[in-house]
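J.: Residue numbers (our numbering), protein chains in the order written: chain A, 741 to 1002; chain B, 769 to 1079.
Don't read these hints as lab results, they were simulated from the structure. Hints should not be assumed to be uniformly reliable.
SDA-like mimics (lysine to any residue), calculated; alpha carbons at most 20 Å apart, straight line [stated by the list, open to error]: (1) LYS915/B - PRO843/A; (2) LYS820/B - THR764/A; (3) LYS890/B - LEU997/A; (4) LYS890/B - TYR765/A; (5) LYS850/B - MET839/A; (6) LYS820/B - GLY854/B; (7) LYS850/B - GLY833/A; (8) LYS874/B - TRP755/A; (9) LYS890/B - LEU758/A; (10) LYS891/B - THR832/A; (11) LYS895/B - THR832/A; (12) LYS820/B - ASP1001/A; (13) LYS915/B - LYS890/B; (14) LYS820/B - THR999/A; (15) LYS891/B - SER828/A; (16) LYS947/A - VAL981/A; (17) LYS820/B - TYR830/A; (18) LYS890/B - LYS939/B; (19) LYS850/B - THR999/A; (20) LYS890/B - THR764/A; (21) LYS850/B - HIS920/A; (22) LYS890/B - TYR830/A; (23) LYS850/B - SER828/A; (24) LYS850/B - ARG836/A; (25) LYS895/B - THR760/A; (26) LYS874/B - ALA752/A.
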Amino acid sequence: MIDLALFRDAVASEWTKLRTVRSTYWTIVVAILLGIGLGCAISAGNAHDYHSMSFHDRLEFDPTAFSTAGLFFAQLALGVFAILAMTSEYSTGTIRTTMAAIPQRGYTLAAKALLVTAISLVLAIGIAFGAFFICQQIFAHYHLAVSIHAPGVLRAVIGAALYIGGIALFATGLATIIRHTAGAITTLVALVFILPSVSQLLPHAWKVDFARYLPANAGGAITQVVYTNNDSLRPWPGFIVFMIWCVGTAAIGWYLLRTRDV
Amino acid sequence: MIEARGLTKSYGDVVAVNDLSFTVEPGTVTGFLGPNGAGKSTTMRLILGLDKPSAGSVTVNGSPYTTHHRPLTEVGALLEAKAIHGGRSAYNHLVTVAKSNHIDRKRVNEVLELVGLTSVAKKRAGKFSLGMGQRLGIATALLGDPKVLILDEPVNGLDPEGILWVRNLLKYMATQGKTIFVSSHLMSEMALTADHLIVIGRGRLIADASTAEVIRLGSGSHVRVRSPQAAQLVTLVDAHEGGATTQPDGSLSITGLTQEQVGELAAANGVVLHELTLATASLEEAFMELTEEAVDFRAPGGSIGGEGDAA
Ligand SMILES: Nc1ncnc2c1ncn2[C@@H]1O[C@H](COP(=O)(O)OP(=O)(O)OP(=O)(O)O)[C@@H](O)[C@H]1O
Ligand SMILES: [Mg+2]
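Take the sequences, apply the hints, and build the full model.
T.: This is the structure in structure tokens:
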């Protein structure tokens, strides 16, 4: 049975932990700066280039995806935020105090996962909508703006935020498995930044069989309104595949946390 | 009360704790002694359910630690000094621990006061000295006003005033009926603090008895003699079932005979003595004697006890 009172205590304790270290604040500030700043820069660049683009590129032109593209980089900052919530306990030795205080270890992981996911999600919703509306002002100068009411646009903006929430959960799982800050960050970067780029170099057949199921590729589909690329999954199936990655990684972390020595 | 039965823990090929059985009773301070690497910290992690035993079991107040709910009012522990996020203040650190067990925030101020950290409670703990970190660790252990206190080398890094304070605190808590289990590798410190000692070496139990008993077990007192006719005296001692060894300074260390017997033996045979003293082994010597076969990290060149140790 789930002990809700115990879970509330775990959440209260983890909330205090997050509130009382500086890394929480600077990772959030960096996420906002990257999310909105880079979103604007990418939007401005593409809007400016539109008139010189080929017909094919114009077909793929996606003002919604450009406006929320900064979140792709903000995910790194929020991933670090999620990772530090777990690995800082190992690097400072507080993990033993934490695990002795609540021997039911799964509760601590659940509380950490809930908080970093919820904080990241709320923040990402703010960044996604903020970036969307600011960037549409930029596109409007070039008569390229899209409305939030246009088909698929609201889904893509919310989807970009949901993706970030998933990344926070994924990062928590990785951190619980790896238990080292640098190792967990390197793994996250490799999986969501490097692997997708490398996968672009793969032959077409491999992309269909393999690359589109990678976390960032599967989860990224939901952030797009315009599809011309048949290599990727559709938005919601892609998001389900992404959630399987996130929940699966967290589940492995949960299993290891409960069975390993601290 | 802490009860270990056949407690065993291996890390790969290393058997850190080997078939330990002991009981730590309430109302007394029980010292947990052993040389470096003896398995003290490992045993404490096993008690707290942080590591899983390879065999055997250990319970705290009747049940395994991992089955306790909100255990901090039952068991308080200090495992490592400075196990704290350097960017967090001592106060906030204690609040995070208090919240996890639904302990009143007022208690945080109480324990800070108790360990003497009130004035630095709001400062980032990264700048704390080892002694301050140790005090914060003790404050964390006391937070839930637990019935059982488990402390791994609590006086490590403390100044003399701090050591005295810990000693008195532990004794006081024992009089309150609490179970106090405290590790050290300093026999002399434990002799002043503990009523009962559990001594381990290489993960195995060496002694489990009252402090006085352990000191007696370990202390091979001997008679120290200096004589210009040492060789003759050695022959005489051998003939009377005693044992004599020549020390580096030329004196003889005689066991198996009392001070009086040695004196009379010498007089009866016309052996001149320049010195005849009873050398009682110090506490540290007693400890080393007990753990001699069980020292993992012996200094090169023989005995870690330095001079004066019975060979
Ligand atoms: N997590 C671990 N992995 C591998 N070996 C370990 C681990 N923990 C302890 N050991 C080994 O187990 C043995 C006992 O170590 P432990 O830390 O329990 O000793 P100790 O009595 O606390 O020593 P000290 O007085 O130095 O603190 C040592 O040989 C140590 O190297
Ligand atoms: Mg130790």
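J.: Would you mind confirming whether the straight-line C-alpha gap from LYS890/B to TYR765/A stays at or under 20 Å?
T.: 19 Å, holds
J.: LYS820/B and GLY854/B were given as a pair; does the straight-line alpha-carbon distance stay at or below 20 Å?
T.: 29 Å, violated
J.: Going straight from one Cα to the other, do LYS895/B and THR760/A come out at no more than 20 Å?
T.: Holds, at about 16 Å.
J.: Does LYS890/B pair with THR764/A here, judged by a C-alpha cut-off of 20 Å?
T.: 18 Å, holds
J.: Please work out if LYS890/B and TYR830/A have their alpha carbons no farther apart than 20 Å.
T.: Outside the cut-off at roughly 23 Å; violated.
J.: Below or equal to 20 Å on CA atoms is what counts here, so check LYS890/B against LEU997/A.
T.: It is violated: about 32 Å lies between the C-alpha atoms, which goes past 20 Å.
J.: Given the hinted pair LYS895/B and THR832/A, is their alpha-carbon gap at most 20 Å?
T.: 14 Å, holds
J.: Does the alpha-carbon distance linking LYS915/B and LYS890/B stay inside the 20 Å limit?
T.: The hint is violated at about 28 Å.
J.: So if I understand the rule, the pair passes when the alpha-carbon distance is 20 Å or less; does LYS820/B with THR999/A pass?
T.: 8 Å, holds
J.: Take a quick look at whether LYS850/B and SER828/A sit within 20 Å of each other, Cα to Cα.
T.: 14 Å, holds
J.: Check the hint pairing LYS850/B with MET839/A against an upper bound of 20 Å on the C-alpha distance.
T.: Status holds; Cα separation ~16 Å.
J.: Does the alpha-carbon distance linking LYS890/B and LYS939/B stay inside the 20 Å limit?
T.: Distance ~30 Å between LYS890/B and LYS939/B Cα, so the pair is violated.
Consistency with the previously given hints fails for numbers 2, 3, 6, 13, 18, 19, 22, ordered from lowest to highest.
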